[in-house]
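Asker: Take a look at the letters that make up each chain.
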Amino acid sequence: MVLFILRRLLSIAFTFFVVSVIVFLMMHAVPGGPFDGYDMPVSKAVRDTLMAKLGLDQPLWVQYVNYMKGVLVFDFGYPYQAPGETVISLLANAWPPSLLLGGLGVLIGAPLGILLGMAAALRRNTWIDYFASALATLGLTIPVFVISMLLILIFAVWLNWLPASGWGKPERWILPIIAYAAIPIATYARYTRSAMLDTLNRPFVTALRAKGLSERRIIFQHVLRNSAIPMVAVFLPMFIGTATGSIFVEAMFRIPGLGSYFVSSIENRDYPLEMALVLMVTLMFCFAYLISDICYAWLNPRIRFGEQPK
Amino acid sequence: MSTQTDTGLELAVPPPTPHRSPAWFAWRRFLANKAAVAGGVVMLVLILAAILAPLFTKTDPAAQAFLTQSLAFPSADFWFGVDDLGRDFFTRIVYGARVSLTIGFAAATFSALIGIPLGALAGYFGGRTDWVIMRIIELFSVVPAPLTALLLGALTGGGFVTIVVISALFGWVNVCLLVRAQVKALREKEFIRAAQALGASPGYVIRRHLIPNAVSPIIVGFVLAIPLAMMLEASLSFLGIGVPPPTPSWGQMINTGMNFMFFYWHMAVFPTAALAITVLATTLFGDGLRDALDPTLKGR
Chain A
34 MVLFILRRLL SIAFTFFVVS VIVFLMMHAV PGGPFDGYDM PVSKAVRDTL
84 MAKLGLDQPL WVQYVNYMKG VLVFDFGYPY QAPGETVISL LANAWPPSLL
134 LGGLGVLIGA PLGILLGMAA ALRRNTWIDY FASALATLGL TIPVFVISML
184 LILIFAVWLN WLPASGWGKP ERWILPIIAY AAIPIATYAR YTRSAMLDTL
234 NRPFVTALRA KGLSERRIIF QHVLRNSAIP MVAVFLPMFI GTATGSIFVE
284 AMFRIPGLGS YFVSSIENRD YPLEMALVLM VTLMFCFAYL ISDICYAWLN
334 PRIRFGEQPK
Chain B
717 MSTQTDTGLE LAVPPPTPHR SPAWFAWRRF LANKAAVAGG VVMLVLILAA
767 ILAPLFTKTD PAAQAFLTQS LAFPSADFWF GVDDLGRDFF TRIVYGARVS
817 LTIGFAAATF SALIGIPLGA LAGYFGGRTD WVIMRIIELF SVVPAPLTAL
867 LLGALTGGGF VTIVVISALF GWVNVCLLVR AQVKALREKE FIRAAQALGA
917 SPGYVIRRHL IPNAVSPIIV GFVLAIPLAM MLEASLSFLG IGVPPPTPSW
967 GQMINTGMNF MFFYWHMAVF PTAALAITVL ATTLFGDGLR DALDPTLKGR
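From first to last, the protein sequence lines stand for chains A and B.
The first sequence begins at 34 in my numbering and counts up one residue at a time.
The second sequence begins at 717 in my numbering and counts up one residue at a time.
Hints in this document: simulated from the structure, not taken from any laboratory.
Accuracy of the hints is not assured; some may be wrong.
[Claimed, not checked] One-sided excerpt, in silico: chain B residues whose CB lies under 8 Å from chain A: (1) D776; (2) P943; (3) M974.
[Unchecked claim] Under the rule of at most 25 Å between Cα atoms (straight-line distance), these lysine to any residue pairs were calculated in the SDA-like manner: (4) A:K77 / A:G117; (5) B:K900 / A:D231; (6) B:K750 / A:I161.
Virtual Cβ for every residue (Gly too), placed ideally from N, Cα, C.
Using the sequences plus the hints, can you model the full thing?
Answerer: Structure, rendered in structure tokens:
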């Protein structure tokens, strides 16, 4: 177990390194620099001074090493678009809206999806099953910004029930949370349905029925527990994915979260901010996968770390 | 069929069953899946519409022929209305299908071209090769996709080719995993052993035996890569680094439509519906194809 975690940590460090190098190179390969903007043109002398001050005149590998040295002690530098702050403080303000809405979306969406999937599996080939499958397919195939737009159009423009966008009052959270919840609902409905159907067909369920256990106990105590493993495994990565991959929902609902920085850091060639965003999200995904692997094995003792069946 | 021979009541002779190929059974399974058939029909209609677009549209998609009626709502003359620049919106939606479908198919082709060889190599050789390829796949699963896509878009200036490249870059992973699983399952089979014993080189075994036997996962991977690419095109166009105007693309139209949404709903609704229907139809078709070709995967 410890060996497994150590090996995975090594692999994470390697992934982190590769991602950082590739993104750093790609970022600098994009033509133009942070002070080439048209809205605030600066003279060449000023630009040269700024570039020298920020170390952008040095060779690329020196810049990389300097930046990564900072990253190791959690110093992600200063964003060019807000020189008075650090990247950390800038992102500290952007995280809460993203985490709150994305997190609530997953926390509400996952149980709903599980219920839907359970209903579909237990009432197979009835209208509930078809409805759940249709909903799951729709949720996974309609792009999230399209869902957001339909929500705004229906509930804000036509019915005038809820505000279309903005941030602050809780009623402004409802539509974005629904938009965020679409993917978790769809994913969980699909996973739960197939996992439950798998389990229901296993011989031990027949054995339990033969023993005379009530259907309710069979479902809740045995089938559900045995089908829960894949559901637990996808939770954390989905949580991270929803909370960080929110460019579209945040753009649609004008939420001051992380999403806007994804776009603006690239548009403004804001190298420190760009690197910080990529590295943070990458690291979070790595650890999300690690933790869900550990949970997976903990829930399912048949999986043993490190021993690969030949 | 009743065959109660021991009671002597009747002796039902089973009719001679014609030899049925696996493809025939797959076809039957596919036809039984109504959603998949519907998806296939919609796809076919869309492809035909995209190819035959000039035959039933009024104007060129970029022609500002109706400037005096800009932003007109849908009517008998303009089925989907007129857009802000005086272009017939129905024409633009139909031509948008060309862009979306071309991108979808091109990206799926490139995904397959990258995914098949890598998947076959990983599955056949296992060990270190497999490890390296799986680490590459892992890289793609932890990197924030929208950010990478944005970065690549900025790097190359966006446009048609960029979108195909980005979609293929993220789309090959699925094809690769599907092919890898199939090849891994077949690697130990007798006919492969026999080929190896006869001195066939790994390249020959992969080309002649493994890839032909992995055709169904390849088809499935190909078809399911199409909607992903179309969604990515729409997303990138939405962020402004997609297909440049005046080429009609649904994502770009959705993006424009957003600005007019509160007053001219048709600008937003039609491209949205077009994209949703296309992606949905392709996905249903792909899912049905997967279930038909490999019944053991049903519902995954």
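Asker: Determine for every hint whether it applies to the structure shown.
Answerer: Verification of the hints:
no. : hint            : verdict
1   : D776            : 27 Å, violated
2   : P943            : 6 Å, holds
3   : M974            : 7 Å, holds
4   : A:K77 / A:G117  : 23 Å, holds
5   : B:K900 / A:D231 : 23 Å, holds
6   : B:K750 / A:I161 : 17 Å, holds
In summary, the one numbered hint that this structure violates is 1.
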